[in-house]
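With the hints as constraints, model all of the structure from the sequences given.
Protein chains in written order, with this note's numbering: chain A, 1 to 322; chain B, 1 to 501.
Certain hints may be false.
Said to hold, decoys possible - Far from chain B, some chain A residues (derived; all Cβ distances over 10 angstroms): (1) F24; (2) A64; (3) G91; (4) I131; (5) K143; (6) Y152; (7) F170; (8) I172; (9) I179; (10) N182; (11) L188; (12) G194; (13) V199; (14) T290; (15) P293; (16) L304.
Claimed, not checked - In silico lysine to any residue, SDA-like type, Cα no more than 25 angstroms apart, as pairs: (17) B/K190 with B/V162; (18) A/K265 with B/R126; (19) B/K190 with B/L176; (20) B/K190 with B/C31; (21) B/K120 with A/L126; (22) A/K265 with B/T229; (23) A/K265 with B/K190; (24) B/K483 with B/V499; (25) B/K120 with A/G204; (26) B/K420 with B/A482; (27) B/K420 with B/S382; (28) B/K439 with B/K192; (29) A/K265 with B/I115; (30) B/K439 with B/W375; (31) B/K112 with A/W266; (32) B/K190 with B/E149; (33) A/K141 with A/P120; (34) A/K265 with B/A119; (35) B/K112 with A/K156; (36) B/K112 with A/S137; (37) B/K477 with B/T118; (38) B/K57 with A/S184; (39) A/K265 with B/G140; (40) A/K156 with A/G204.
The hints are simulated quantities; they were obtained by calculation from the structure and are not laboratory data.
The beta-carbon is built from N, C-alpha and C at its ideal position, and this holds for glycine as well.
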Amino acid sequence: MSNSVNIKKTLIPIFVFIALIVLFALVFNLATHGKFLNAANINNILSNAILASFTAWGFCFIMALNYMDLSVGAVIMIAVYVSGEAGNAFGVPALVVCGLAVGVAVMTLNFAIFTWTRVPSWVAGLGLALIYEGCISIYQKYKETLGGNLVYLDTKYGILGRAPLIYVAFAIGLILAYILYNRSALGLNARSVGSNPNVARAMGINITRTLIMTGIVSGIFIGCAGFLRESFSAGSVIPVPQSLSSLAVIFPGFAAIFIAQVLGKWINMIIAVPFCAMLIYLCYNVFAMTGVPLGTISETMIALFIIIFGLIAQRGNKGVVK
Amino acid sequence: MAGEVILRTEKLNKTFGPTRANIDIDFELRCGEIHGLVGENGSGKSTLLSQIVGIIKSDSGAMHLNGEAYAPRTPLDAYDSGIGIVVQELGVIGNLPAGVNVFIGRHQRFTKMGIVNTAKINEEVREIAKKWDLADLSLGSLTGTMNVESRKQIELLRALAVDPQILILDEITQALSYDNRRRLYAIIDKFKAMGRSVLMISHDLEEVMGACDRLTALRDGKVVATVRTADITMNELKRMMVGRDMEGDYYRDDKAPSKGEDIVLSVRGLNVVGEISEMAFDLYEGEIVGFCGLSDSGIHTLGKALYGLSEGREGNIRLEKLDLPIDSPQAALRGAMAYVPKERDWEGLMMQGSVRSNLTLPSLDILKDKIGFLWTGALNASAKRSVEDFSVKCRDIAQEMNGLSGGNKQKVNLGRWISKELSCLILDCPTRGVDVGAKAYIYQLMKQLKDDGLGMILISDELLEVLGMADRIFVVKNGKIAKELRRGADFTEENIIEVML
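As structure tokens, this is what we get:
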């Protein structure tokens, strides 16, 4: 197949999906009497979609290995608080470095636990989520004993969470995720290990190294999700997660990745993720504007939306879909 | 140089728990030779190949390649030593594109600063396919979305990508249809002409007798003999493999078609979008109707369509006696139809399930009591009876299907249907991947079912099988019935191939 045909094959579904989002946006704009399509609102939707995209990209690598790490939300929250402290103390570069360092270090630890303990990742992940949430609670209590509150980033250090830098971060993240997932030896090895570890081993792929390296790469995206979230929320305190409420942090990313997987037949998953995240936040936004109570009801509506979307995309598929 | 020994094994041994899979295997492969390994399922052929290519480590013994010590630790070592391999134990990575799969584990030379140039990989794969005259594949598509035949072609491309001195093929031809088999035979001929060697396993004895220069027969993990194909007859070969005389032919010895009076299954205007069009035929009681054609002819879709499985199906399929239209697998089951698919491990059996679950699955309606409860005792008794009736070799009925040999898996696949009263039976490549003993058993069973008045559809990539067993053959080309042949003087390979091509 020639390159031009390949490019057409890749681009047409993307344009169709963009057209679909634009169509949704126009309909929503009508439904909200013109409140939807204003610059501030669009910027808000896009920024939230970018945060969810980084989480989802991290998950793309985790799920390529056939792993499911439910502690990612708690890891993001640790990255949020650590990068916030570092940002307030040493400025934006420290915020970035510490967010990344936390993401990489904790995700490497997670993958080391999955690899060497052989406890199923979703079980170990749940346990780790509780532990990490516990650690954040202890830290919060420690701050309270010092008479302070949990950190909130000073507004002047929140530039990465605002336009235009959040879009620069998005562009870098998208390119990096696309290359690492589709074009790097590590991405291909991770997908091999997740798909058929026996063949991967026989073909000389170092399984343990691949698992740990993939943990590190997912950690980069999770760390980014952490410091970008803190930057986006600069000036306000992000509530401490407890009793597995950190799972809610990953819900939009999860929702995006599920839709992206369904779209995988037509659009590369990494590219589909931000569009899907945007679609999710379009819905959230419209629900908020039309008076649907935020929280459980809006998330139920989103879940219904995902199921309906999946039903449409999977029509004609008679097999059992896991 | 032709005739010189390129690969030698000395006293190779391999044990799995209490089972001695290979015992003191001495074997030689010569330059420019096509060498076949034959033996029943479980005789140690695949284990020997796995030892040669580094998938399995030998317990003891030595190997020499080009006169030098050779001890591969992984298949990559075999590749680096100039051995290209297509073996059962190595598959493809389903969620990677086809092109990338060809160079899996060896993409370093396409990688700069950790970034893999997939365009360059695809370009090289296309060149390899062109060099060896292999069919075009969509290299950007995920391998998991491809059919078994395409996946085998990817494995073959992977083997050829190392420009091997020795090509090892483990039961690949049985996954290929007629046209792609021809291509493979052309590759094998080219290898021989180039003074290179091929080591192949196939259960198709006509194929190995036709393609190979020498054969090594294994039985119970030991080499029975190595002979030149020119010096041995088919019956002698069978005796070497199974250790006893196998009397008579596999196939039917009558030369005329025979059938009952009544139509069992009537098919009119059957269409499956993009696959088959306007098919119409009747199947009579006690008749075997064969279907053959090239890989894209649609014959395998036909089996699914008849059983109500294919998407986009139109037309009228009817069980005449019951006056029952077949528009879904549920309707087919209600009408006591049975379907044995080509992809046994993917579509036929639950590989992680027990022998018992697999044997009893289609009969649960019969085995349940009045209130719908399934008693373990009834399930066990039914499964044990089937194991006995169909001579399934297994540890016990609780054994996982994965642990059974190909022939015994197929006995379960077929036997679970036969244990019921059937209206008609659709068989798609029923002897694929089974050894000579199991093949003989399956053909015997088909003859017996025909005598009992069962109508059967036999879809096959093996022309000799269809010629040997069918009363009528429909040759299918581009999704349409191109010719009908009746058992008799016209029943020849030439007549079929003339239409197929």
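Violated constraints from the hint list, given by number and in increasing order: When the structure is compared with the hints, numbers 2, 9, 10, 11, 12, 13, 21, 22, 23, 26, 28, 30, 31, 33, 35, 36, 37, 38 and 40 turn out to be violated.
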